[in-house]
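4 protein chains.
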Amino acid sequence: MPSCPVCRSEWPAKSEKAEAEVIQVAVLGYGYWGPNLARNIAANRDCHLVAIADPRIDRADEAQRMFPGIEICRQSTDLLGRANIDAFVIATPPGSHFELALAALRQGKHVLVEKPLAGSSEQAECLIAEAERRGLALMVDHTFVYTGALRKIYELVREPDFGQVYYYDSIRVNAGIFQQDFNILWDLAVHDLSIIDSLLDQPIRAVSATGMAHFHGVENMAYMTLFFDGPLIAHVGVNWLAPVKVRQTLIGGSRKMILYDDVEPSEKVKVYDKGIEVNGAPESVRRYRGGHSTGAMSVPKLDTTEALRHVIAEFVRSAATGVRPLTDGQAGLRVIRTLEAATESIRLRGSPVEIGNRVLAG
Amino acid sequence: MPSCPVCRSEWPAKSEKAEAEVIQVAVLGYGYWGPNLARNIAANRDCHLVAIADPRIDRADEAQRMFPGIEICRQSTDLLGRANIDAFVIATPPGSHFELALAALRQGKHVLVEKPLAGSSEQAECLIAEAERRGLALMVDHTFVYTGALRKIYELVREPDFGQVYYYDSIRVNAGIFQQDFNILWDLAVHDLSIIDSLLDQPIRAVSATGMAHFHGVENMAYMTLFFDGPLIAHVGVNWLAPVKVRQTLIGGSRKMILYDDVEPSEKVKVYDKGIEVNGAPESVRRYRGGHSTGAMSVPKLDTTEALRHVIAEFVRSAATGVRPLTDGQAGLRVIRTLEAATESIRLRGSPVEIGNRVLAG
Amino acid sequence: MPSCPVCRSEWPAKSEKAEAEVIQVAVLGYGYWGPNLARNIAANRDCHLVAIADPRIDRADEAQRMFPGIEICRQSTDLLGRANIDAFVIATPPGSHFELALAALRQGKHVLVEKPLAGSSEQAECLIAEAERRGLALMVDHTFVYTGALRKIYELVREPDFGQVYYYDSIRVNAGIFQQDFNILWDLAVHDLSIIDSLLDQPIRAVSATGMAHFHGVENMAYMTLFFDGPLIAHVGVNWLAPVKVRQTLIGGSRKMILYDDVEPSEKVKVYDKGIEVNGAPESVRRYRGGHSTGAMSVPKLDTTEALRHVIAEFVRSAATGVRPLTDGQAGLRVIRTLEAATESIRLRGSPVEIGNRVLAG
Amino acid sequence: MPSCPVCRSEWPAKSEKAEAEVIQVAVLGYGYWGPNLARNIAANRDCHLVAIADPRIDRADEAQRMFPGIEICRQSTDLLGRANIDAFVIATPPGSHFELALAALRQGKHVLVEKPLAGSSEQAECLIAEAERRGLALMVDHTFVYTGALRKIYELVREPDFGQVYYYDSIRVNAGIFQQDFNILWDLAVHDLSIIDSLLDQPIRAVSATGMAHFHGVENMAYMTLFFDGPLIAHVGVNWLAPVKVRQTLIGGSRKMILYDDVEPSEKVKVYDKGIEVNGAPESVRRYRGGHSTGAMSVPKLDTTEALRHVIAEFVRSAATGVRPLTDGQAGLRVIRTLEAATESIRLRGSPVEIGNRVLAG
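Protein chains in written order, with our numbering: chain Y, 1 to 362; chain D, 1 to 362; chain F, 1 to 362; chain P, 1 to 362.
These are computed hints drawn from the structure, not numbers from a lab. Heads up, a few of these hints could be off.
Copies of the same chain are indistinguishable here, so a pair counts whether it falls within one copy or spans any two.
DSSO-like mimics (lysine-lysine), calculated; alpha carbons at most 30 angstroms apart, straight line [to be verified]: (1) K256 x K245; (2) K301 x K245; (3) K245 x K152; (4) K256 x K301; (5) K256 x K152.
Just so we're clear, the structure is a prediction, and the values are computed from it rather than from any experiment.
Okay, chain Y solo, but in the shape it has when bound (with noise of 0.2 angstroms):
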């Protein structure tokens, strides 16, 4: 147990559990994300960080900087057989998501992936599959799930006084940051797409998507239509070429509304009361004609805890207890199929595609 080498008290607090119990947790990728992902490691008590990997020199250096006392390493598949190592989480470009969980699910590791879980809905269901074979934790980290604004947006519509749930309509663009991989639905839209899997409770059955290619290569902007069974619609807009970053999500109820602005500092999420009830009579609704331009509105106390520190305290826990991640790979595999629908979609000019959702077997 440290101790203070110079006024000899001790700490932490001895409550903490034995060194045995706690995970050791290597990361694999050390460019945007991974930074934010190791210090989350490193603060959580319930594991420790062991281990960094990322091929490029620079990012090496930057790790060993930040995290003196742990082993760097430039080459993740060297770190999958470590005996001294419980899980993984992969923050590697998305080509190779597939490939690294796989293996360190074959090593028997937990694995956490960043988002994307994988390239396909045929590889996230085979990763699933292993997943469930041999008896490990497989998360994915969709991030936003997390946060404190999505966590109270969950309890404010799910109040009976929200009513029913009518649209989501988010619009997401970045100022030119472009990946190459895969169109921007699977960057970007695959932020929505999580969001709504958690906080609707309906399948989506149909997408019409729609999209262009200014350069040679995948789509840098697309929209996309959600349908469902019900009077419920979502639509998602994406863009990596606009002049400034947008993050607005409109959410309306028959009762209550959310406004949802990510890039706002301090006052995310906006809760309006202009709902409208439609009790048969056509007049109902011509009477909320002008009712509500300058209605009432709330702001939400958010927790305002970083959300990795949830993504990375939720995958311990399953790691640890074998209890499903909130976000398993069942919920990767279900965004991952509603891309590929898009995908299509946006290729048939959107004309609406249907979405499989053949539960796959555990």
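Starting from the structure of chain Y, add chains D, F and P where the hints point.
The following block gives chains D, F and P in isolation, referenced to the frame of chain Y:
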């Protein structure tokens, strides 16, 4: 000529036109937009506001208070044949535009119609033919085209350093103003279609649209992707059931981009030095990554004259000189053809519908 | 009674007052604010707009266009003795308020004066005495007091759960509108002083003010701290030389706080559950640390009626019934006394100047 | 030299300095700001983070987790004499800055102190003298001076087309973070004073300040006007008891003006072409009226490097080379002298207090 009853000084300035040359104008409909039209007609030196008609007694009373010297009437049709009226401005509900406009044209009157010009492309073609035959001015009030913001945007987009236009992306949502006669595209998307019609020099080839009617009637929210010949794409999202009013348009070019926010009180148009140019190699795109998240932006000075002042001036000029107005019947017809195709696409859940661009023989 | 010349139906509704009871009003000054006053007088059913005076020919012409049925005059003084005028609304430059108001009162007319009521406390006292002596209505147009935002704020501040009022802090800066006659306090701070006068139930005891005249003349920017008897403090910053228009007021209470932003188009008033209560122990204050950076906020629904409509209604009611208006001559006088003390404090580079609150014997 | 234990490749790049030249740094205090300092020290290639001290066990534990390889201690004073430490970064509560800094200097260590440098001008003078005598670096962490926003503002204000600087006007309010030891000026106004000290080339001659202590202790809100020799004026408003965090600064010049909003996520600095030049005739000022309410604005591209990275680099450079840092002890002293004068002026309810600018003989 009027003179001050107390001090006997005369006004207005003598340079004004002879009374005979001044266009005599009547306003039909004094609901939401009529008072604004009437006020701008009253303020224009080249025309006279001579009558206002509205069937509702409270509106007739309001008109009488605000314009104590002019004739107020409750039956629009009774004014149509009046010899002392040269031109009609029609601001009645959309369903009556065609009938009133046609009747006015047949009485030999110039006509300015609120958007949309008519309820179908056949009706619009009929009005165009009637106006052509009689040599009368037929204009549609596509107000946005005349705003200081849009006139500045036209300049900016046409400057060589804007580069190629890549996309037009607009959100136009309202808080609770419902119309019963037509779906929301005819109410709100018509603004974007009129802007696109005058801003982009390319014909719309096809449209994919989706939408939802949450109540027993027309669609109250809708999304529309417009396809052109080249790598240009346009998208418009409209919603009557939003908690807030949003008017946000992004226009992306290969060298610059514009953010136009009409709700913003003072900085409506922002121009970003954030375009991207492709010169063959995919590397150029990759270098773009992260390159412009904090780039330079500028806000041009806008003409803040009320747009309706320009609308009235354009109409009066057209009526007096026979010069075709900027937003003539053909512009109104092109917009309506796109609205019809989009309405059909919504029925097909997003399947693309081609737009017939047959030119009406004038 | 007027009737439609075509369909012969009559309006307005018969419930209206007999013509004899309706107050006949003239507007003096048709510059920036006069047209708004005239429009609201025309729209009020309990008064008639009968005349407008302005010495500039372009303004007289504009008035004639907008109000074709009424008398337009270029010499204010010629209207003062007219028997068919009961009341005057004075919207001329501030330097002429006193002279015109006094002359009107001496002719037995009711008077509504734009802010400030007069150019000195002696002048204001003179007007008050004259109005009292003759039993006439004397009102000052402290417009902000009549806005939906302020009327809601009055309610909020008076509710028990607002707690004790700790401070009023306002920024009111303009982009380039200079006045020559009086320093900026008389132009902009007068709004805050009129709000403070009606909102806070405590007399101002002293004022410390600083400012700067960057050009050869009156101060074009100034700051003012107001002292009261208790632990209440108010501060107002005004500036003619700002790049943007700002209207931001914070009102802090021991249990709630208000942010009032008058430039915000829709959410002008925000109420925060962020007060702090002291219950003896300094620990309670320390616990407050970090406690409310993301607390709950709500936006109340406001009456969006134009404030001037209420101003005119209040004036007409006072003229008709003799009931003292909310912003009477005494309110105008209290504001002017603070302006005079602040102007003196600026000369003393911030040294506090006490405010004589001797009550004028009515 | 470290190498990857798996793949045996070496890093970092060989160009790095010999170990002997690298400054060894310890951080005292790991509360709010200490973790940020430690992280930036760890990331700097020209120094080594060797130790962190904090008396609280939870913070010591947190430091140990984040920096597993370095020494963690709970008693700051025990580290002061360590031979393997060249420099101390002091981020303890303000009341202990002087004592710790003086002790470190007496042990021959370079010192970087969080703002404020000390608790009085006498203490600051003592630290300056001690550092001078021993030839050690003494620097105060006036962080804002090192931000990309401020470094851009310095450039802009010094460009000829900015014109003469007329005013600096800042609002800096927090939502509920109280300090007990010093009044709010020492906590928040110190930022503006450090900016003014480096931005404006004129000495502050006098200060008029007002404030209020709503609880049993130091002032929790305050306003401060600074007087200079010419027609320049500065004003700072600070408040711990606001419902929201505001960081807004206006800097007015005779030809351009700047709006600096540090809470704004992306467009922190806006430059307006809205200055005013006086050329003798008062008419020029009058023409300005209404002239710039919708003028052109631009947003410059800012360096987004974390300011603390520059602070640490400046400190390490000063410690290694002996070159005086930008925010040296004298800068810290000038700020404290103004804080002392302002505190005295508050006691006098705004009466102006002159600032002694005697230069300390180095």
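Item to check | Violations among the numbered hints | outcome: Result: no hint breaks.
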